[in-house]
Amino acid sequence: MTKNKKSFNYCYILFLFCFIGFLPTPTLANESAHQLTIEGPTSVIKEGYFNVSVSAKSEQQKLDKLTIEVATDASFTENQKQFPALGDFSTISLTGFSNGSYHLRARAETESGESLVSNVIQVTVKHYPLWQALTLFFIGLIIFVAVVTTLLLLHRKWTHSRHHSHD
Amino acid sequence: MTEFALDTSTGILIIVLFGLFWIGFGYWLGRKNKSHEDFALAGRNVGFAFAAATAMATWVTSNTTLVAPQLTFQFGVWGMIGYSFAALGLILFAPMAKRIKELLPNGYTSGDFIRLRYGQFAWVVFMIISVVYAFGWLISLGMAGGILLESLTGLDYHIGMTTILVICVGYTLFGGMRAVIATDFIQALIIIAGVSFIAYWLIDNIGLSSIHENLTAEHPKLLDVLFPAAVMFLFNNIFFGLGEIFHSNVWWSRALSFKKGVAYKAYLTGGLMWLPIPIVTGFIALAAPQLGIFPPSMDMIGPTVAAAVLGKAGAVIVFIVIFSALASSLDSLLAATSDLVTQDIYHKKLKPKASDKNLMRFNRSCIFALGVITWLFCLPKIATLGALLNFAGAFVASTIWPILLGLYHKKLTGTYAAIAMAAGTACGMIGYFAIGFYVAALVSCAVSGLICAVGIMTSQYNFDWKQLQEEDAHANE
Numbered sequence: 001m002t003k004n005k006k007s008f009n010y011c012y013i014l015f016l017f018c019f020i021g022f023l024p025t026p027t028l029a030n031e032s033a034h035q036l037t038i039e040g041p042t043s044v045i046k047e048g049y050f051n052v053s054v055s056a057k058s059e060q061q062k063l064d065k066l067t068i069e070v071a072t073d074a075s076f077t078e079n080q081k082q083f084p085a086l087g088d089f090s091t092i093s094l095t096g097f098s099n100g101s102y103h104l105r106a107r108a109e110t111e112s113g114e115s116l117v118s119n120v121i122q123v124t125v126k127h128y129p130l131w132q133a134l135t136l137f138f139i140g141l142i143i144f145v146a147v148v149t150t151l152l153l154l155h156r157k158w159t160h161s162r163h164h165s166h167d
Numbered sequence: 001m002t003e004f005a006l007d008t009s010t011g012i013l014i015i016v017l018f019g020l021f022w023i024g025f026g027y028w029l030g031r032k033n034k035s036h037e038d039f040a041l042a043g044r045n046v047g048f049a050f051a052a053a054t055a056m057a058t059w060v061t062s063n064t065t066l067v068a069p070q071l072t073f074q075f076g077v078w079g080m081i082g083y084s085f086a087a088l089g090l091i092l093f094a095p096m097a098k099r100i101k102e103l104l105p106n107g108y109t110s111g112d113f114i115r116l117r118y119g120q121f122a123w124v125v126f127m128i129i130s131v132v133y134a135f136g137w138l139i140s141l142g143m144a145g146g147i148l149l150e151s152l153t154g155l156d157y158h159i160g161m162t163t164i165l166v167i168c169v170g171y172t173l174f175g176g177m178r179a180v181i182a183t184d185f186i187q188a189l190i191i192i193a194g195v196s197f198i199a200y201w202l203i204d205n206i207g208l209s210s211i212h213e214n215l216t217a218e219h220p221k222l223l224d225v226l227f228p229a230a231v232m233f234l235f236n237n238i239f240f241g242l243g244e245i246f247h248s249n250v251w252w253s254r255a256l257s258f259k260k261g262v263a264y265k266a267y268l269t270g271g272l273m274w275l276p277i278p279i280v281t282g283f284i285a286l287a288a289p290q291l292g293i294f295p296p297s298m299d300m301i302g303p304t305v306a307a308a309v310l311g312k313a314g315a316v317i318v319f320i321v322i323f324s325a326l327a328s329s330l331d332s333l334l335a336a337t338s339d340l341v342t343q344d345i346y347h348k349k350l351k352p353k354a355s356d357k358n359l360m361r362f363n364r365s366c367i368f369a370l371g372v373i374t375w376l377f378c379l380p381k382i383a384t385l386g387a388l389l390n391f392a393g394a395f396v397a398s399t400i401w402p403i404l405l406g407l408y409h410k411k412l413t414g415t416y417a418a419i420a421m422a423a424g425t426a427c428g429m430i431g432y433f434a435i436g437f438y439v440a441a442l443v444s445c446a447v448s449g450l451i452c453a454v455g456i457m458t459s460q461y462n463f464d465w466k467q468l469q470e471e472d473a474h475a476n477e
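Protein sequences appear in the order of chains A and B.
Residues in the first sequence are numbered from 1 upward in steps of one, following the numbering used here.
Residues in the second sequence are numbered from 1 upward in steps of one, following the numbering used here.
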């Protein structure tokens, strides 16, 4: 191998090492960004309410100012809302969601004030069809009217027969 | 983070003081009990004021103070309005209470009626339904005690739950039905005053318009009158309420313990007095988003919101109101269930010649045993209050038609009544697991009604009402 070729190979190898060295390290980045884990429902929500739970990477880690952020886009720029946790609880009940897909993540602080962010989960809300709800409603109404009518008619018949027997 | 309203030691102090007061009061009232009839039915001599108060107070339970807000938090305005329709159970029971008093002047329990009207087979099915329901309600009440203290003070759920059960079992053991009804009267006054005060404070401090604005912007579904799950829940809740009251010995024992001519007015008045209460307690939940309160479990929403608005003094008021609601229902349920077991199983089946003293002793042992079993079931917090109670809806809604027709119509036989209850329950359970809790009672009532209708249309049988007044008679087919 000529001297020039050897220099070229060394430069090439050096360049390769530099390239690898400067690559972003996603695993490490994720570990520091996701010291919190948020878990939520995995199936489609049909009633518009659900619970989410948050846990710290270390069980001894105390979380302060735990808040759930909700948005309709993954970058949390659209329709963003925040829901604080109650007391020391790490489970939160959320309600009143319309049809749609929502992205959720948790934020908290450690005792030393360090900010922690969780992974992002997606929750899909798709309410029952209105025709189904109204069908059940009217079936219920019919049965209810039948119960009330039966009760009032039979009771009236009994009170009348009582009055006649006293007469 | 939102903080707890009371510190743990304050919560424990209040509950200990309350507990000592109620147990002492129960002991003092219990001195008047000379016979088993005194212990079980307060001597069949309860007047209108106490009767109406006990009807209302007993129906104000953990459901009203914790589940109504939970359902409002989940289903919005329909949650609280739909819940208030459970008043129809008391109102529609009013004419039935009059009929019951007429048909069974010496009767003790709803089980007595089913056994005499329909026979053994129907009685067994009915007793299974009654026991499942009674335990479902007892467990929900025990759980509610734990949830109440946990919401307000952060105290461990198991401690609050145990304490509530010990206090209620204690004063019911000493005083029987007399203590139950007298404490109900006081608890009714506390509940009405407390709930009105909380609602007024809420509207005054936060304001209706700001609550409405927040909900419209952040949780629009809670204001939607066409919220599908809420619309489905509505009649299911009504049938659940009807089934609870029509079948449960809690209400039959009251009808039988009231003076003659009082039952109809008492139940009607009690129902009308009860109707606005779940609307007020449910309304409290609508303020939660505005206050930034999102609890770990939706059944905690009521007390946490009320306490957040009213501060420490308010938290004490909330605590007393909810404790009163729990206690007024827990004592009734303990007493009535124990009566059912004592009369229907112990007296009628095992020891027909038991003396009055033996019956009283057995009744008290029953109350204690029920308390212990309830405590054991409450230890694992198996579900939210709403889900647990609606599980029982599949059972009780199946009794609506058999009870109603059994009281007024001669043609329905015991076999059809039993099949109606069993099939209704089974179909209700299938609906519960296959579709959701909001169809269980509706399906159960519908199936039961269809079977009863077939039974009446095909029947050649005519029941003789005089058989109800013969203690050892059985209905013949």
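Calculated from the structure, these hints are not laboratory results.
It cannot be assumed that every hint is accurate.
Partner residues are not named here, just some residues of chain B that face chain A (Cβ under 8 Å, in silico) [said to hold, decoys possible]: (1) Gly207; (2) Leu208; (3) Ser210; (4) Pro228; (5) Ala229; (6) Leu242; (7) Ser297; (8) His409.
In this text, a Cβ means the ideal position worked out from N, Cα and C, and glycines have one as well.
Against the structure, the hints come out as follows:
Taken as an interface hint, Gly207(B) does not check out: its beta carbon lies about 19 Å from the nearest beta carbon of chain A, beyond 8 Å. Annotation: Leu208(B) was flagged as interfacial toward chain A, and the flag is violated, the nearest CB pair being 17 Å apart, outside 8 Å. Restraint check, Ser210(B) versus chain A: the minimum CB separation of about 16 Å is more than 8 Å; hint violated. Evaluation of the Pro228(B) hint against chain A yields a held restraint, the C-beta minimum of about 4 Å falling below 8 Å.
For Ala229(B), the interface hint holds, since its Cβ comes within 8 Å of a Cβ in chain A; the closest pair sits about 4 Å apart. About 7 Å separates the beta-carbon of Leu242(B) from the nearest beta-carbon of chain A, less than 8 Å, and the hint is met. The beta carbon of Ser297(B) is positioned within 8 Å of a beta carbon in chain A (closest approach about 7 Å), and the interface hint is therefore held. Interface hint at His409(B): satisfied, since its Cβ lies 6 Å from the closest Cβ of chain A, which is below the 8 Å cut-off.
Comparing the model with each earlier hint shows violations of hints 1, 2 and 3; every other hint is respected.
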